[in-house]
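Okay, so the sequence shown: first residue is -18 according to my numbering, each after it adds one.
Simulated from the structure, these hints should not be mistaken for laboratory data.
Keep in mind that the hints are not guaranteed to be accurate.
[As the list claims (entries may be wrong)] Derived SDA-like pairs (lysine to any residue); straight-line CA-CA distance at most 20 Å:
#1 8 / 32
#2 -17 / 44
#3 -6 / 24
#4 -6 / 44
#5 -17 / 24
#6 -6 / 26
#7 -6 / 19
#8 4 / 19
#9 -17 / 23
#10 -17 / -7
#11 -6 / 40
#12 8 / -12
#13 -6 / 21
#14 -17 / 25
#15 -16 / 34
#16 -6 / 4
#17 -6 / 20
#18 -6 / 27
[Stated by the list, open to error] So the derived label-pair ranges between C-beta atoms look like this:
#19 0 / 24: 29 to 35 Å
#20 -17 / 30: 15 to 21 Å
#21 -5 / 17: 15 to 21 Å
#22 17 / 44: 35 to 41 Å
#23 43 / 12: 35 to 41 Å
We put the CB at the ideal spot given by N, CA and C, even for glycine.
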Amino acid sequence: MKKHDQFLIDLLKESLSRTEYSKLEQKTYLESLMREFEPASLRTLITSLLSVDLENLQQVSGSITTENKDKG
């Protein structure tokens, strides 16, 4: 396994730990992802999801900034 693949797995573990899933559910979920996806596909999935989240954050921060300028 490559370093960046291990990084993504660690990132998934960290993300799962921040959910309300039990430890067993977290482990099962991660194992099912690892079975279903090759590392390259998993990288593509995660980076796509992160891109969408970053776009949403940018839109939200832009609207908050605009609201603050309008009030000030």
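For each hint, the structure was consulted:
1. Restraint check: the Cα-Cα separation between residue 8 and residue 32 comes to about 25 Å, which exceeds 20 Å; the hinted pair is violated.
2. For the hint pairing residue -17 with residue 44, the CA-to-CA distance comes to about 39 Å; that exceeds 20 Å, so the pair is violated.
3. Only pairs whose Cα atoms come within 20 Å are accepted, and residue -6 paired with residue 24 is accepted, the gap being roughly 14 Å.
4. At roughly 32 Å between alpha-carbon atoms, residue -6 and residue 44 are farther apart than 20 Å, so this suggested pair is violated.
5. A distance of roughly 12 Å separates the Cα atoms of residue -17 and residue 24; the hinted pair therefore holds under the 20 Å criterion.
6. Between residue -6 and residue 26 the CA atoms are separated by roughly 15 Å; this keeps the pair inside 20 Å, and the hint holds.
7. Only pairs whose Cα atoms come within 20 Å are accepted, and residue -6 paired with residue 19 is accepted, the gap being roughly 17 Å.
8. As the CA atoms of residue 4 and residue 19 are separated by approximately 23 Å, the hinted pair breaks the 20 Å bound.
9. Distance hint between residue -17 and residue 23 is fulfilled; the C-alpha atoms sit about 13 Å from each other, no more than 20 Å.
10. Note on residue -17 and residue -7: the hinted pairing holds, with a Cα-Cα distance of about 16 Å set against a maximum of 20 Å.
11. Taken as a hint, the residue -6 and residue 40 pair is broken in the structure, with Cα atoms around 27 Å apart against an allowance of 20 Å.
12. As the CA atoms of residue 8 and residue -12 are separated by approximately 17 Å, the hinted pair is consistent with the 20 Å bound.
13. Only pairs whose Cα atoms come within 20 Å are accepted, and residue -6 paired with residue 21 is accepted, the gap being roughly 17 Å.
14. Proposed proximity of residue -17 and residue 25 is supported: the alpha carbons are some 15 Å apart, at most 20 Å.
15. Proximity of residue -16 to residue 34 is assessed by CA-CA distance (about 24 Å); at most 20 Å being required, the pair is judged violated.
16. Proposed proximity of residue -6 and residue 4 is supported: the alpha carbons are some 10 Å apart, at most 20 Å.
17. At most 20 Å may separate the alpha-carbon atoms for a hinted pair to count; residue -6 and residue 20 meet this at roughly 15 Å.
18. At most 20 Å may separate the alpha-carbon atoms for a hinted pair to count; residue -6 and residue 27 meet this at roughly 13 Å.
19. The supplied range of 29 to 35 Å is broken by residue 0 and residue 24, whose beta-carbon atoms lie about 21 Å from each other.
20. For the pair residue -17 and residue 30, the supplied restraint of 15 to 21 Å holds, since their beta-carbon distance comes to about 20 Å.
21. Checked against the given bound of 15 to 21 Å, the beta carbons of residue -5 and residue 17, roughly 20 Å apart, stay inside it.
22. Under the hint 35 to 41 Å, the C-beta atoms of residue 17 and residue 44, about 36 Å apart, fit the expected range.
23. As the Cβ distance of residue 43 to residue 12 is approximately 39 Å, the hint placing it in 35 to 41 Å holds.
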